[in-house]
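**Student:** Start from the sequences and build out the full structure, keeping to the hints where you can.
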Amino acid sequence: MKKKATAFDYALVVIFILISIIMIVPIYKVLIDSLDLKTAYGMKLFPERFGMAGYVSVFTNPTLYKPFLVSCLTTVVGTITGLTIATLGAYVLIQWKMPGRTLFANLMLFTMIFSGGMIPTYLVMKTLHLTNTLLVVILMPAINVYNMVLMRNFFEGIPDSLFESAEIDGCSPMGIFLKIVLPLSKAALTAIGLMYAVSYWNDYTHYKLYITNDNLYNFQMKLRSVIMGSDLPHAIGGATENTVKNAAVIVAILPFMIIYPFCQKYFIQGVNIGAVKE
Amino acid sequence: MRVKKMLAAGMAMTMAASMVLSGCSSGSKTSGSAANAESSTATGETAGKNDIKKPEKITIMVNGTVTTKPNNREAFEKKWEALTGIDLEIIQPDHDAYFDVLGQTFASGPENWPDLIILNGSYYTGYAEEGALWDMTDAWNNSELKASGRVTGEEVIDNTKINGKLFGFPVARRGGCLTYVKKAWLDRCELKAPETYDEYLNMLKAFTEGDPDGNGINGDTYGVSAAGFVGQGDPSSNYLPEFYQDAKPNFEKGEDGLWYDGFTKDNFKGALTRLRDAYAAGYIDKETLTNGTKDCRNKFYEDKFGVFTYWAGTWASNLKNNLEANGKDGELVPLKPIKEIGAYEEGTAPVWAITSSCENPEGVFKYFIETMLDGGDTQLLWSYGVEDVHWSKKAETILDNTYAEGQFHTKESLEQPGTQYTKQHLDPMLSIVKWDEDPGKDTVKEEAKVSQELFNKNCRQASIIPSTDVMATYNGDLTTLKNSIVADVVVQGISIEEAYARFEKEGGAEWSKKIVDSLNEQESAK
Amino acid sequence: MNTKKKGPAAVAAGNQKRPLLVSLRYYKGFYLMFLPVLIFAIVFHYLPMFGVRYAFYTYKGIKEPVFVGLQHFEKMMKMSGFWNAFGNTITLSVIKLLLNTFMAVVLSLMLNELRSATFKKVTQTIVYLPHFMSWVVTASVFTLILSPSDAGLINALMVKFGIVKEGIYFLGDKNWWRPMFYIINVWKDTGWGTIIFIATLSGINPELYEAASMDGAGRLNKLRFITMPALSNTIITVLILNLAKVMNLFESVFVMQNDAVTQKSDVLHTYIYTQTFNSGALPDYGYTTAVGLTASLVGCALVLICNKASQKVRGRGIV
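Protein chains in written order, with full-length UniProt numbering: chain X, 1 to 278; chain W, 1 to 526; chain F, 1 to 319.
Simulated from the structure, these hints should not be mistaken for lab results.
Certain hints may be false.
Stated by the list, open to error - Capping the alpha-carbon separation at 27 angstroms, the derived lysine-lysine pairs in DSS-like fashion look like this: (1) W:Lys513 - W:Lys161; (2) W:Lys294 - W:Lys449; (3) F:Lys308 - W:Lys286; (4) W:Lys183 - W:Lys53; (5) F:Lys63 - W:Lys514; (6) F:Lys264 - W:Lys304; (7) W:Lys505 - F:Lys264; (8) X:Lys38 - W:Lys513; (9) W:Lys505 - F:Lys63.
Just so it is clear, the structure is predicted and the values come from calculations on it, not from any experiment.
**Tutor:** Right under this line is the structure:
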């Protein structure tokens with residue numbers, strides 16, 4: 001398996017370094033601005049007047065930790081709910097011979113394309129007494145057909161022989177789902193779970209529309225109001241409005257920079273289906 | 001079995017759906033007792049102002065301009081209730097979601113409407129046209145506030161009337177933008193503050209081609225910058241008034257009382273030519289199209305340009321402070337409007353409007369709106385907040401400022417630590433009533449006061465444009481087309497003839513005429 | 001690899017058809033499992049869908065809706081702004097979709113070829129970072145990078161190396177705006193797009209590669225005979241699923257467009273936005289719903305056509 005590195009490998013590394021630089025430059029600009037106490041319009045390599053005041057003012061905001069907890073809670077619960085819905089749906093959608101499968105599939109697909117619009121959706125949520133509860137921001141994004149179909153695609157990759165042997169062993173549909181399908185789909189679960197987590201973490205629209213109680217605001221809502229609030233220049237410990245805004249942007253990216261490396265092992269190791277297959 | 005269950009679930013869903021469709025909702029009105037009280041007195045003979053019943057409870061829906069929760073809204077609410085003896089319920093959606101939530105609340109049926117709301121611009125005219133607002137013309141005319149003679153901004157109130165009727169009350173002026181010039185730049189170019197367009201242009205030329213920032217390089221600066229060539233949405237945010245002068249891209253009412261579209265007038269073509277020539281000469285920031293207001297401010301702080309049209313008042317100090325924080329000379333000269341402009345334009349103020357579902361609107365007007373400008377404790381509350389929460393007279397040191405016992409000062413902001421409050425809902429500098437006892441008179445920064453006073457002396461009211469169905473139909477497309485044409489002429493240098501040919505060809509002229517007709521029709525119908 | 005997949009039930013039952021009732025009983029466990037999914041879809045999607053009836057009403061959110069029949073659709077057909085937005089939506093989002101998917105596939109394949117695990121980890125983390133910047137921030141950063149003044153990185157470099165004499169106003173120029181739009185989209189979403197392909201690639205049985213190596217297959221051949229066939233299913237699914245979203249293009253355009261480029265940039269949802277907030281009057285939800293409904297119908301048609309095509313070529317659709 002191990003071979004000597006070829007010119008191709010070196011070329012690849014060079015290309016990736018270039019790509020990384022292109023990807024980094026705009027983010028680097030935000031990072032530098034978040035550490036610079038001098039309002040700057042142009043691009044620079046280093047902060048002119050270095051200071052952490054931007055971060056300090058984001059984190060000392062007295063009402064920030066609660067929204068942070070709300071974000072963590074909804075992201076965790078939401079991702080689990082979302083994955084449950086996506087995997088259940090996906091599993092049923094690969095039952096090609098099940099009567100009504102096509103109907104179900106089309107019902108799902110249809111939701112991706114048509115929407116009732118903002119006001120009708122709001123009125124339904126109000127009637128169901130879901131407005132101003134965390135339920136609405138957790139449950140509503142959980143049904144995501146895009147993720148469900150991708151998940152189904154992964155499930156298809158599981159060899160038939162596994163299902164066969166499980167069935168012969170007397171496993172129920174739920175048993176097969178729990179004992180075979182899920183354990184074999186770690187890469188897919190990670191990828192789609194990550195997609196769910198990101199959409200929950202970055203969610204702003206659902207809060208804006210359905211939550212008016214500011215005890216239930218999430219981190220993104222709060223960050224926006226930090227950004228909006230700093231539209232009027234409040235110099236906090238020497239930070240300019242610009243510094244605060246950029247610091248807020250970096251803070252919002254941070255959690256996933258930390259989580260991502262842990263997810264990566266599932267992509268790289270992969271799931272060695274062949275090893276299980278007899 | 002399962003099928004049955006599914007059917008049952010389906011039934012439940014359908015029923016829920018039909019509930020939504022029929023708009024059934026279990027909301028109940030809050031100020032019901034006040035209505036009962038009113039009906040019991042309805043048998044009495046007069047409806048004079050002394051008979052106005054005090055409401056027991058008032059529900060308001062407000063944006064972030066009223067004291068927010070992080071700023072201890074609770075203390076504000078308690079103090080207000082103590083002062084008036086009325087139960088107050090405040091619904092305050094997140095700042096930029098205000099109009100979404102308001103729209104949804106209105107759509108969910110009159111039984112859910114609050115008593116009072118804050119509206120501005122097309123929301124005010126639109127809600128009024130839809131009949132959602134109570135006509136407060138009589139309430140205002142018979143009010144003690146009007147009779148008191150303390151009102152200094154009656155023209156602001158008159159200007160808020162739609163076809164002669166008042167549907168919302170502007171508790172303060174809107175304020176507006178005036179042109180600031182960097183004093184140091186003027187000095188270095190040995191110029192005085194311009195008074196005519198020629199002098200103004202001459203100044204821009206000097207700022208663009210010379211070395212006004214004194215860094216030894218000629219031509220690395222430019223004259224003026226703005227966020228877009230046409231103010232977005234709000235007619236008061238015209239950031240390039242010297243070029244537009246008397247021309248307007250929007251609908252206006254002429255001296256003859258008839259409406260017209262400013263875009264189709266010859267003076268607008270003149271404005272376009274001035275903008276195009278100045279842009280080609282490099283006097284106007286090349287990136288004006290893509291600038292946000294924040295970009296402009298940052299460039300101003302960086303000494304990229306020297307002339308900036310921006311809000312009068314508090315912003316005068318903000319601009320100065322930020323320039324100084326960046327190590328630049330912060331002294332700014334607020335310009336008197338040049339001869340060709342005559343007067344800066346003041347936008348239509350946001351209003352407090354009483355909804356048509358309010359059961360005791362007279363009471364709400366008297367006990368909520370009028371008290372806000374009572375020149376006493378309630379006005380103090382709306383202007384500066386609650387004692388020892390938002391302001392204080394105790395001897396103490398706030399941030400770097402030390403105050404003696406009895407000296408009025410604002411406290412450190414709860415939401416934005418490190419800064420001091422300036423005002424709460426009402427800005428005393430924009431007040432429409434005389435308020436001699438204003439305790440904060442002396443706390444206002446000099447440059448803010450100077451610029452605001454200059455503006456107040458040299459402004460005229462923008463006319464309020466009523467909304468019509470035809471306008472709702474065509475004005476969105478028309479605005480897009482107009483803005484696109486302005487950008488074509490100024491940035492790409494298209495000739496005026498070509499530009500107006502496009503306006504004709506793409507239907508702009510036709511839409512414009514239809515809207516003007518509908519406005520005039522509405523006017524003559526009243 | 002490409003044959004039809006069969007669920008456990010099909011396997012156990014062989015291939016003969018069974019009466020519906022037997023089948024229903026057999027699958028009851030699956031129906032039960034689908035129930036929560038169905039409830040979610042009904043509550044969050046189907047109930048609000050009754051709102052599309054507003055397309056035939058005039059409704060401003062205050063007075064009762066008034067039935068106007070097809071009036072909104074007639075107006076729509078007459079407005080040049082609508083047609084302009086319609087064409088732009090299709091062009092911008094389809095090209096964007098193809099470019100983004102293509103770049104994501106290429107990037108995933110290249111990542112897959114990297115030998116150093118650490119280097120792979122680092123680059124992977126870097127390329128997906130842009131996804132976390134909101135569009136507002138992305139737009140403001142790129143407005144600066146592409147600025148025609150000397151503050152703009154690209155123009156400053158081009159002027160320095162003598163490629164151009166004077167900076168180009170990339171975002172304020174009708175001819176440059178679209179290419180810039182595509183480039184910024186690729187920058188932002190390519191890395192994130194690789195996640196799904198990389199997850200697929202990691203599911204390929206390594207034995208296949210080993211066997212191929214033993215047969216003397218080079219990199220290209222492995223790519224052609226093992227990697228691509230495994231990826232193609234995911235690629236097609238991603239493409240068709242994204243087609244359903246083609247008509248929803250909004251935020252990225254909204255934050256990047258300006259008055260000079262509206263003819264090239266205005267899409268249906270920015271058109272709806274202008275109708276809602278720039279008309280100087282209360283927006284008519286009826287008209288905007290009608291425009292939205294039209295967009296949905298077109299999206300629906302696109303998906304159905306491509307799904308049919310996929311059925312023809314691959315033997316089955318995407319769901």
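**Student:** Work down the list of hints and note, for each, if the structure agrees.
**Tutor:** Okay, the hints, checked on the actual structure:
For the suggested pair lysine 513 of chain W and lysine 161 of chain W, the alpha carbons sit about 24 angstroms apart, so the restraint of at most 27 angstroms is met. Of the pairs offered as hints, the one joining lysine 294 of chain W and lysine 449 of chain W holds, with about 23 angstroms between alpha carbons and a cut-off of 27 angstroms not exceeded. A C-alpha spacing of about 50 angstroms is found between lysine 308 of chain F and lysine 286 of chain W, which places the hinted pair above 27 angstroms, so the restraint is violated. Taking the CA atoms of lysine 183 of chain W and lysine 53 of chain W, the gap is near 56 angstroms; set against the 27 angstroms cutoff, the hint is violated.
This hinted pair checks out: lysine 63 of chain F and lysine 514 of chain W have alpha carbons roughly 24 angstroms apart, not beyond 27 angstroms. Distance restraint check for lysine 264 of chain F and lysine 304 of chain W: the Cα-Cα separation of roughly 31 angstroms exceeds the 27 angstroms cut-off, and the hinted pair is therefore not satisfied. Restraint check: the Cα-Cα separation between lysine 505 of chain W and lysine 264 of chain F comes to about 18 angstroms, which is no more than 27 angstroms; the hinted pair holds. Between lysine 38 of chain X and lysine 513 of chain W, the direct Cα distance comes to roughly 50 angstroms. Violation of the 27 angstroms bound is thereby established for this hinted pair.
With a CA separation close to 36 angstroms, the supplied pair lysine 505 of chain W and lysine 63 of chain F exceeds the 27 angstroms bound.
Violation of the numbered hints given earlier is confined to hints 3, 4, 6, 8 and 9; the remaining hints are satisfied by the structure.
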